[in-house]
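Sequences are here, hints too, so could you generate the full structure?
Protein chains in written order, with the working numbering: chain P, 15 to 501; chain S, 58 to 491.
What the hints contain is simulated information worked out from the structure, not anything from laboratory work. Do not take every clue at face value.
Stated by the list, open to error - Label-pair distances were calculated between CB atoms; the ranges are: (1) 88/S / 158/P: 35 to 45 Å; (2) 100/S / 53/P: 24 to 34 Å; (3) 339/S / 124/P: 47 to 57 Å; (4) 343/S / 384/P: 26 to 36 Å; (5) 53/P / 481/S: 51 to 61 Å; (6) 116/S / 281/P: 26 to 36 Å; (7) 53/P / 116/S: 40 to 50 Å.
Heads up, the beta-carbon is just placed ideally off N, CA and C, and yes, glycines get one too.
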Amino acid sequence: MNSGSKWEVVIGLETHAQLQTKSKIFSGSSIEFGAAPNAQASAVDIALPGVLPVLNREAVVCAIKFGLAVGANIAPRSVFARKNYFYPDLPKGYQISQFEIPVVSGGSLSTPVGAGDTVSQLTVHLTRAHLEEDAGKSLHEDFHGKTGIDLNRAGTPLLEIVTEPDMRSSAEAVAYAKALHALVQWIGICDGNMQEGSFRCDANVSVRPLGQAELGTRREIKNLNSFRFMQQAIDYEVAWQINEIEEGRMITQATVLFDPASGETRAMRSKEDAHDYRYFPDPDLLPLDISPEWIGEIGKSMPELPQQMQTRFSGQYGLSLYDAAALTSSRDIAIYFAETLSHAGAGQAKLCANWIMGELAARLSREGIELSTAPVQPAALASILKRIADQTISNKIAKDVFDALWRGDGKDADEVIDARGLRQISDSGAIDALVDEVIGANSKLVEEFRGGKEKAFNALVGQAMKVTKGKANPVQVTELLRKKLAN
Amino acid sequence: MARAADQRLAKGDSGILVGIPLAYKDIFCIRNWRTTCGSRMLENFVAPYDAHVVEQLDTAGAVTLGKLNMDEFAMGSSNENSYFGPVKNPWDTTRVPGGSSGGSAAVVAARLAPAALGTDTGGSIRQPAAFCGLTGLKPTYGAVSRYGIVAYASSLDQAGPMAKSAEDCALILNSIAGFDQRDSTSVDRPREDYTIDLAKPLKGLRIGLPCEFFAEGMDADVRSAIELALAEYRKLGAVTVDVDLPNSALSLAAYYVIAPAEASSNLSRFDGVRYGFRAPDYSDLNDMYSKTRAQGFGAEVKRRILMGTYVLSHGYYDAYYLKAQKIRRLIANDFRAAFEHCDVIMGPTAPTVAFPLGDKNDDPVQMYLSDIYTISTNLAGLPAMSIPCGFGKHKMPVGLQIIGPWFSESRMLGVAHQYQQTTDWHTRMPEISV
Numbered sequence: 015m016n017s018g019s020k021w022e023v024v025i026g027l028e029t030h031a032q033l034q035t036k037s038k039i040f041s042g043s044s045i046e047f048g049a050a051p052n053a054q055a056s057a058v059d060i061a062l063p064g065v066l067p068v069l070n071r072e073a074v075v076c077a078i079k080f081g082l083a084v085g086a087n088i089a090p091r092s093v094f095a096r097k098n099y100f101y102p103d104l105p106k107g108y109q110i111s112q113f114e115i116p117v118v119s120g121g122s123l124s125t126p127v128g129a130g131d132t133v134s135q136l137t138v139h140l141t142r143a144h145l146e147e148d149a150g151k152s153l154h155e156d157f158h159g160k161t162g163i164d165l166n167r168a169g170t171p172l173l174e175i176v177t178e179p180d181m182r183s184s185a186e187a188v189a190y191a192k193a194l195h196a197l198v199q200w201i202g203i204c205d206g207n208m209q210e211g212s213f214r215c216d217a218n219v220s221v222r223p224l225g226q227a228e229l230g231t232r233r234e235i236k237n238l239n240s241f242r243f244m245q246q247a248i249d250y251e252v253a254w255q256i257n258e259i260e261e262g263r264m265i266t267q268a269t270v271l272f273d274p275a276s277g278e279t280r281a282m283r284s285k286e287d288a289h290d291y292r293y294f295p296d297p298d299l300l301p302l303d304i305s306p307e308w309i310g311e312i313g314k315s316m317p318e319l320p321q322q323m324q325t326r327f328s329g330q331y332g333l334s335l336y337d338a339a340a341l342t343s344s345r346d347i348a349i350y351f352a353e354t355l356s357h358a359g360a361g362q363a364k365l366c367a368n369w370i371m372g373e374l375a376a377r378l379s380r381e382g383i384e385l386s387t388a389p390v391q392p393a394a395l396a397s398i399l400k401r402i403a404d405q406t407i408s409n410k411i412a413k414d415v416f417d418a419l420w421r422g423d424g425k426d427a428d429e430v431i432d433a434r435g436l437r438q439i440s441d442s443g444a445i446d447a448l449v450d451e452v453i454g455a456n457s458k459l460v461e462e463f464r465g466g467k468e469k470a471f472n473a474l475v476g477q478a479m480k481v482t483k484g485k486a487n488p489v490q491v492t493e494l495l496r497k498k499l500a501n
Numbered sequence: 058m059a060r061a062a063d064q065r066l067a068k069g070d071s072g073i074l075v076g077i078p079l080a081y082k083d084i085f086c087i088r089n090w091r092t093t094c095g096s097r098m099l100e101n102f103v104a105p106y107d108a109h110v111v112e113q114l115d116t117a118g119a120v121t122l123g124k125l126n127m128d129e130f131a132m133g134s135s136n137e138n139s140y141f142g143p144v145k146n147p148w149d150t151t152r153v154p155g156g157s158s159g160g161s162a163a164v165v166a167a168r169l170a171p172a173a174l175g176t177d178t179g180g181s182i183r184q185p186a187a188f189c190g191l192t193g194l195k196p197t198y199g200a201v202s203r204y205g206i207v208a209y210a211s212s213l214d215q216a217g218p219m220a221k222s223a224e225d226c227a228l229i230l231n232s233i234a235g236f237d238q239r240d241s242t243s244v245d246r247p248r249e250d251y252t253i254d255l256a257k258p259l260k261g262l263r264i265g266l267p268c269e270f271f272a273e274g275m276d277a278d279v280r281s282a283i284e285l286a287l288a289e290y291r292k293l294g295a296v297t298v299d300v301d302l303p304n305s306a307l308s309l310a311a312y313y314v315i316a317p318a319e320a321s322s323n324l325s326r327f328d329g330v331r332y333g334f335r336a337p338d339y340s341d342l343n344d345m346y347s348k349t350r351a352q353g354f355g356a357e358v359k360r361r362i363l364m365g366t367y368v369l370s371h372g373y374y375d376a377y378y379l380k381a382q383k384i385r386r387l388i389a390n391d392f393r394a395a396f397e398h399c400d401v402i403m404g405p406t407a408p409t410v411a412f413p414l415g416d417k418n419d420d421p422v423q424m425y426l427s428d429i430y431t432i433s434t435n436l437a438g439l440p441a442m443s444i445p446c447g448f449g450k451h452k453m454p455v456g457l458q459i460i461g462p463w464f465s466e467s468r469m470l471g472v473a474h475q476y477q478q479t480t481d482w483h484t485r486m487p488e489i490s491v
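In structure tokens form, the structure reads like this:
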């Protein structure tokens, strides 16, 4: 978007990732989604007088895992602070968050952006990631003229991940958001469910003349809960800001909402009515101390990260950056790939990558099922790949074998190949007889070919394949046919 | 509860608190009882849980007599700030009992209960104990769980006993002190027997006398009662040494930044949305908030919310809140240095005896000054007591303050107990004429 323009787009993202703990960050209530309103709101969650917050250590473990995954600093001592404001779904009148000293600071996330020939590596630096509690929900639609308050979500643990203004287009913003989305699920700290609000982004967007060092005035687009909306919202916002400036108006700092129905962003509040949150350290909670031993212990339990795996895949198997990134777009896919290779042999890496991202991915998306429940699991796919590699079957027949296995007809490729007689004909005697038969039965085509029509040759190969129901080794048929016709 | 206690006694349960009636400042939540905190805001609030302190004393077999009036949200030094009306001093019903635990002090002074529970954020146990001739103890911050106690200033609040004698305080402290995982500021340390030092002789005890506590500001009648008490201690074998608390003059200012700052945030939950008072007529959300809080809170509470909101505001935070926190550290350091030269520190609890009702209502700063000697220990988190040590003007009781190092409650209680073995101030009762 916007290439060739004299404007440069600058984007920074703030993401709220809901942490996969059993209970809330400062109380023992469940955080399960979908319970009856206020069924999961304890005395602490509804802020009765006299009750006190107690930090859930699991939430801290999630923050440490994230810090390790992005190569960030993990503060040996961080502080919980109160962010004070009045709102009906904020029971205490303040949100417990981290302000001056967050648990995680620095770090970065790299991901390929673009496709095909224009793939490049994007690195986004992170400013910080801090722990905080979510607020409840205000239900404006359910009660005529009144607002309902559901405090089930109040106190749900969040990790707010803030980037530097490192992205230069909506495509880069979406690429980063997708990489982050994959990472938090990869390390098991967030379920990534965007419909349920487990992963939501705010985008700070500004534009400036190309070459200008100083940042333009930004507007913050709140609560983007799908990648498509993120792209649309940023594109609209960028076009709007450029138009404003080009028509001689100033951008004023504001918070805006994206309306998916109209595809437009509109201002919610301007900087003038911004809150003074009166942050101060929460006296009910001690500073959060994290020892190097604790970090070390968590480090040992961390899985291999997508970026490490990408590097390994491209180095070890000679895969392209694009393939390596696609295979590590989720942990399930990476594990599936690695397992398939362990059966098929490392030599089949490229073939394996093509099958996973081609036939398998297409099937999964057509039938709307998850990789973990796919009828063709790694061992079965590997059995197909092996038979392609040793020329027992052609790529085309392999697709039929895949179909059969998908439907549950047989447990591996060999069983399907034998049951249906799909074995490729590579015996030179048999091919010789076949070629003679085809030449004898298609004298017209032979004439045409000899008369200079190259197309007729392909038709003859096609005849050979037809006679053998696709089982003849096409390379051998081609070779022999050419030789015999040349005589 | 009394019947259950009778059964325990009949079965030979020799728990020292079994069957002992106790009363609670109305800041402690008790399941299915109203907890008003002296405020219209919580006039009809019923908590579905017990405060940790209440739970511990129930388990020990104590019988809850009732709940006691207090300054609204524990903000006050005279118990005139209650929505439900003032408490009067049993020694002279035209005078205040002190605050904010004024009801707790009055009920024990009038011998309506042998002991009561109070809370102390800047002197709210010790000052009323002094005004009513009682023994009151504010434990080390973190010694007693704050769970279930309506918060005023979280980093300063601490619950403690108010009773006739140091021994009674020790017995109650034995039940209420100890780690509670529901309060993150509760200190995880082994349980103690606070009666262990009661019989310990005072020979060689070094009593530190901070020159700042004996400078101008203290009334002459209070001074002479304190001097006599110190003479008694010397007779018991103690020695007095001069110590310095150079930053104590700043404690009142630091307190009136930190406490209101925390209070302004702690009291934000009283918004009329989920429980408590809600103004009957309002036009929209902001109107509901402002009318509810305007009608639900009294003047002193509003004053402190405003002060606290101001000092935390953008542009003022560093000048007030951060500076106050620095002073707080300096004050703690002063005490640490002083305790290298002494075992306990003594001085007056309050600069005057109990003053007449209505005397200081128009001048909040004069009112705040009645906590001038007690506030620094809250800022430092230290344990401190007030014990009766005679009478001053108008035959009103005078309190001697004893301050000890962190977690030195046993020793302090012993120091108080030995004095109470050779004096009878703590046994004096007011002649009550209604």
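For each hint, the structure was consulted:
1. Restraint check, residue 88/S to residue 158/P: a C-beta distance of roughly 37 Å satisfies the suggested window 35 to 45 Å.
2. Take residue 100/S and residue 53/P: their Cβ atoms lie about 28 Å apart, and the range 24 to 34 Å holds.
3. In this structure the hint that residue 339/S and residue 124/P lie 47 to 57 Å apart at CB holds, the actual value being about 53 Å.
4. As the Cβ distance of residue 343/S to residue 384/P is approximately 48 Å, the hint placing it in 26 to 36 Å is violated.
5. Roughly 60 Å separates the CB atoms of residue 53/P and residue 481/S, a value that falls within the hinted 51 to 61 Å.
6. Checked against the given bound of 26 to 36 Å, the beta carbons of residue 116/S and residue 281/P, roughly 58 Å apart, lie outside it.
7. Restraint check, residue 53/P to residue 116/S: a C-beta distance of roughly 31 Å breaks the suggested window 40 to 50 Å.
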